[in-house]
Amino acid sequence: MIMPGDQSYCDGYHGCFDAYMSLMEPLAAQKPYMVASGNHEGPWNFSYVRTNFYFPVNESGAAPDALWYSVDEGPIHFVMMNYENYFDYPDGEWSMTQPAPISTYPGQIEWLRRTWQHSRLGVNATRTSG
514 MIMPGDQSYC DGYHGCFDAY MSLMEPLAAQ KPYMVASGNH EGPWNFSYVR
564 TNFYFPVNES GAAPDALWYS VDEGPIHFVM MNYENYFDYP DGEWSMTQPA
614 PISTYPGQIE WLRRTWQHSR LGVNATRTSG
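Okay, so the sequence shown: first residue is 514 according to the numbering used here, each after it adds one.
Some hints could be false.
Claimed, not checked - The following label-pair restraints were derived from C-beta to C-beta distances: (1) R626 / D531: 31 to 41 Å; (2) E623 / S535: 10 to 20 Å; (3) Q630 / A532: 37 to 47 Å; (4) E623 / G528: 33 to 43 Å; (5) S535 / Q630: 34 to 44 Å; (6) D578 / P517: 31 to 41 Å; (7) E623 / P588: 18 to 28 Å.
What the hints assert, rightly or not - Once the Cα atoms are required to be at most 25 Å apart in a straight line, the calculated DMTMM-like pairs of lysine to aspartate or glutamate come out as: (8) K544 / E572; (9) K544 / D531; (10) K544 / E586; (11) K544 / D585; (12) K544 / D519.
Worth flagging that the hints you see were computed from the coordinates, not collected in a lab. Every residue gets a Cβ at the ideal spot worked out from N, C-alpha and C, and that includes glycine.
Work out the full structure: start from the sequences and follow the hints.
Set out below in structure tokens:
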């Protein structure tokens with residue numbers, strides 16, 4: 514199962530997220546379950562998502578605290594990305610109509626470039642560094 518962001522719309526309410534996790538636990542414990550963070554996980558600084566879901570960042574070459582990763586499952590290469598890393602911008606300083614310079618997050622950009630390059634070459638990017 515793929516959950517590409519916004520695991521719930523609890524927006525910082527711990528009881529709401531705990532109730533959501535109680536509902537999802539039977540499914541997530543039985544089936545492959547890949548997640549990405551969305552803006553509704555931001556009020557916790559993404560800690561609830563990091564604590565409750567596995568992010569295979571080490572296997573994919575992403576930074577240890579990254580909210581993005583890639584993984585091979587059979588013949589499919591999944592890339593999970595998070596574009597909600599901009600919560601440290603004061604209101605009005607940045608908006609979707611004026612994207613941050615690409616150099617703002619060089620680690621994420623480099624990881625993505627490497628992942629796409631390896632995929633294009635048929636290399637397993639989750640087990641290759643550099």
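(request) Can you let me know if the beta-carbon spacing of E623 and G528 is within 33 to 43 Å? (result) holds (39 Å)
(message) Against the range 37 to 47 Å, how does the distance between the Cβ atoms of Q630 and A532 compare: consistent or not?
(response) holds (42 Å)
(request) Please test the hint of 34 to 44 Å on the beta carbon pair from S535 and Q630. (result) At roughly 41 Å between Cβ atoms, Q630 and S535 fall inside 34 to 44 Å, so the hint holds.
(message) Please verify whether K544 and D585 have alpha carbons no more than 25 Å apart.
(response) The given pair, whose Cα atoms are some 16 Å apart, holds under the 25 Å limit.
(request) Mind checking the alpha carbons of K544 and D531 for me, to see if they're no more than 25 Å apart? (result) At roughly 20 Å apart (the allowed maximum being 25 Å), D531 and K544 satisfy the hint.
(request) Measure nothing beyond the straight line between the CA atoms of K544 and E586; if it is 25 Å or shorter, mark the hint as holding. (result) holds (13 Å)
(request) Take the C-beta atom of E623 and the C-beta atom of P588, compute their distance, and say whether it sits inside 18 to 28 Å. (result) Distance hint for E623, P588 holds at roughly 26 Å.
(request) Take a quick look at whether K544 and D519 sit within 25 Å of each other, Cα to Cα. (result) Holds, at roughly 19 Å.
(request) Could you see if the CB distance from E623 to S535 stays within 10 to 20 Å? (result) violated (38 Å)
(message) Tell me if the beta carbons of R626 and D531 are separated by a distance inside 31 to 41 Å.
(response) holds (38 Å)
(message) Just to be sure I understand the hint, the distance between the Cβ atoms of D578 and P517 should be within 31 to 41 Å; is that true here?
(response) violated (20 Å)
(request) Verify the proposed pairing of K544 with E572, using a straight-line Cα cut of 25 Å. (result) holds (20 Å)
Hint check: violations occur at hints 2 and 6; the rest are consistent with the structure.
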